Amino acid sequence: MTAIAPVDNSNTVPAVPTKSTSGKAVARKTGLTLGAWIVGLIVFLPIGWMVITAFKPESAAETWPPRFTFSPTLSEFTIVFSGMGPYITNSAIATIGSTILVLVLGLPAAYALSVRPVKRWRDGLFFFISTKMLPVVAAIGPLYILVLRTGLLDSIWALIILYAAMNLPLAIWMLRSFMLEVPSETLEAARLDGAGRIREITEVIMPVVSPGLVSTALICVIFAWNELFLALNLTVTKAATMPMFLISSVPQEGLYIAHLSAAATVASVPVIIVGWIAQRSLVRGLSMGAIK
Amino acid sequence: MAVLEQAPPTAPAGPRPRAMSAREKWSRRLPLLPALLYTIIVTQVPFLVMIWYSFQSYYWNEPGGSWFNGVSNYAHVFTDPDFLNAIVRTVTMTVIAVLLTVIIGTALAVLLDRKFPGRGVVRTLIITPFLVMPAAAALIWQGPMLDPNFGLLNYLLAPFGVNHEAWLSNHAYGTVIVVMVWQWMPFMMLIVLAGLQSQPGDVLEAAKVDGASAWSTFRELTVPHLRPYLELGILLGTIYLVTTFDQIRLMTQGGPGTQTTTLPYYLYEKVNYAFDIGGSAAAGVVTVVLTIIVASFALRMFARVFQFEEAR
Chain Y
179 MTAIAPVDNS
189 NTVPAVPTKS
199 TSGKAVARKT
209 GLTLGAWIVG
219 LIVFLPIGWM
229 VITAFKPESA
239 AETWPPRFTF
249 SPTLSEFTIV
259 FSGMGPYITN
269 SAIATIGSTI
279 LVLVLGLPAA
289 YALSVRPVKR
299 WRDGLFFFIS
309 TKMLPVVAAI
319 GPLYILVLRT
329 GLLDSIWALI
339 ILYAAMNLPL
349 AIWMLRSFML
359 EVPSETLEAA
369 RLDGAGRIRE
379 ITEVIMPVVS
389 PGLVSTALIC
399 VIFAWNELFL
409 ALNLTVTKAA
419 TMPMFLISSV
429 PQEGLYIAHL
439 SAAATVASVP
449 VIIVGWIAQR
459 SLVRGLSMGA
469 IK
Chain R
599 MAVLEQAPPT
609 APAGPRPRAM
619 SAREKWSRRL
629 PLLPALLYTI
639 IVTQVPFLVM
649 IWYSFQSYYW
659 NEPGGSWFNG
669 VSNYAHVFTD
679 PDFLNAIVRT
689 VTMTVIAVLL
699 TVIIGTALAV
709 LLDRKFPGRG
719 VVRTLIITPF
729 LVMPAAAALI
739 WQGPMLDPNF
749 GLLNYLLAPF
759 GVNHEAWLSN
769 HAYGTVIVVM
779 VWQWMPFMML
789 IVLAGLQSQP
799 GDVLEAAKVD
809 GASAWSTFRE
819 LTVPHLRPYL
829 ELGILLGTIY
839 LVTTFDQIRL
849 MTQGGPGTQT
859 TTLPYYLYEK
869 VNYAFDIGGS
879 AAAGVVTVVL
889 TIIVASFALR
899 MFARVFQFEE
909 AR
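Heads up: the protein sequence lines correspond to chains Y and R, in order. Residue numbering for the first sequence follows the working numbering, starting at 179 and increasing by one per position. Residue numbering for the second sequence follows the working numbering, starting at 599 and increasing by one per position.
Treat the hints as calculated values from the structure; they're not laboratory data. No experiment lies behind these values; they were computed from the predicted model shown. Among the hints, a few may not be true.
As the list claims (entries may be wrong) - Calculated pairs, SDA-like style, for lysine to any residue (alpha carbon to alpha carbon, straight line, at most 20 Å):
#1 R/K623 / Y/D301
#2 Y/K207 / R/G716
#3 R/K713 / Y/L219
#4 R/K806 / R/V821
#5 Y/K207 / R/A705
#6 Y/K416 / Y/L331
#7 R/K713 / R/L635
#8 R/K623 / Y/E378
#9 R/K713 / Y/Q457
#10 R/K623 / Y/I379
#11 Y/K202 / R/A810
#12 Y/K207 / R/Q857
#13 Y/K416 / Y/Y322
#14 Y/K207 / R/K806
#15 Y/K297 / R/L635
#16 R/K806 / Y/R206
#17 Y/K202 / R/G809
#18 R/K623 / Y/R298
#19 Y/K297 / R/L628
#20 R/K713 / Y/I216
#21 R/K713 / R/K806
#22 R/K713 / Y/R206
#23 Y/K202 / R/K806
#24 R/K713 / Y/R369
#25 Y/K297 / R/R627
#26 Y/K207 / R/K713
#27 Y/K202 / R/R627
#28 Y/K297 / R/K623
#29 R/K806 / Y/A203
#30 Y/K297 / R/P632
#31 R/K713 / Y/S200
#32 R/K713 / Y/V217
#33 Y/K207 / R/E803
Turn these sequences into a full structure, and let the hints steer you where they fit.
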């Protein structure tokens, strides 16, 4: 099995001039390019509008017709930054804490399902994935009571624990796919050299897996950062996260659209940047390691 | 090949399973145990507690705790039209949304599977909806985009005769689906694009040389090649879309009336507004039973998708 990064097939068009270089084909190509750009911009429009609106003064945000020219201001951002402190801290703790927990639990588990597999590794894999199919949503009432009784209501620990459980199956599948990339010859050679299990892991497996570790962590960060359902049900104020901050930025009355847009922009930007940087690993993570 | 072969390399990994000593077996199991125990405790215990509460009358805002009330929670749930409608609505919304993400995602992937100026930028623009915090996206759609009085969408559609349409009041169901699709089609696009780009170029070229039309090449070669990718996308897309909550909570609150009340939102309301733990637990048990039925098919599909290369 060879794992190749996606091939760019557009290079394989024959260099010899063929019918496809006629004027009609050129027009078609230009049309498709133009179409792709237009579609891209339409898809991006709501996000672009969010960012534009965030720089409007509140009075320019709720007008008909919508205004495209205005003198940009940072005043809404200033208000957002002054209010979001505890929320963004909670989000950061829940996201980073749960991701570390996922990696600590997931790495050895992935090892036990790939490099030195347990006998029933297939059942193990399917158990983990099946927990993603039993929606935690269904058990939210009992979960609320459990969290309440264990004193974890409105505690960041509840979110860390649950986010870790939410992302662990994904991470195990993904990490496993990276571990399977360690060539068996290399493992064999290390063993013949008398490398113990520890050396095998630190010197042979980890160097191959560490880029995968980063992409796994990024995927976990995206899902934990964006999570709302559990945060909404299990936190009130002390442990409330950024999605909760967004909800609180919609007041009962008064103008709020510019303020909301600024808050939404600030809340989304970290993950958007992480995702842009990690585009390649995104595919792999989202397909649970099935697609490289 | 871009799709991973799933069998672990058993050959060099020490003695064959049958010859494994008990010690070797346990040393293999040990690294798996923490994750396994953690997952069992955190994900399965709430479900056991749920079964217990589904036979109790328990309102968490009232003193007096819970008491056994037999199957009356279940009787309520099964005669609650809101619950039954929520099930149907969850299924129809998920199916429509998944189908649309597949169709649009595939079209976008085909569009992006050629070299053109700015391809990377367009790709980046298209994946961004998936990265935006769903709560942020929902609120941006609800306000700046869809507001009947000042929303950008009505402005852009005005030339087509749309006049200050209140999308979330008059077309809540469709509008929520549109936002779900907008958020999830990049996911499908990425998976299909990976499939398209893993096609061996020489086969496509041979088809071209043989004079096959673009459409017949797509149908005869590309679609069969894409099949496992589409299956994977549909499977994972369903898992994520069926639990859609943020958009509904923030855009429609399940309304107007109960027009967009799906199961997640129904359960949320039962816990947060009716304080009814017993009732929510019974509804949860029914949901889980239904999910298990669907999931057992899904797991079989998973097994097939992840092994299709071994089977070759």
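Checking against the hints above, which ones are violated?
-> 7, 12, 24 and 27
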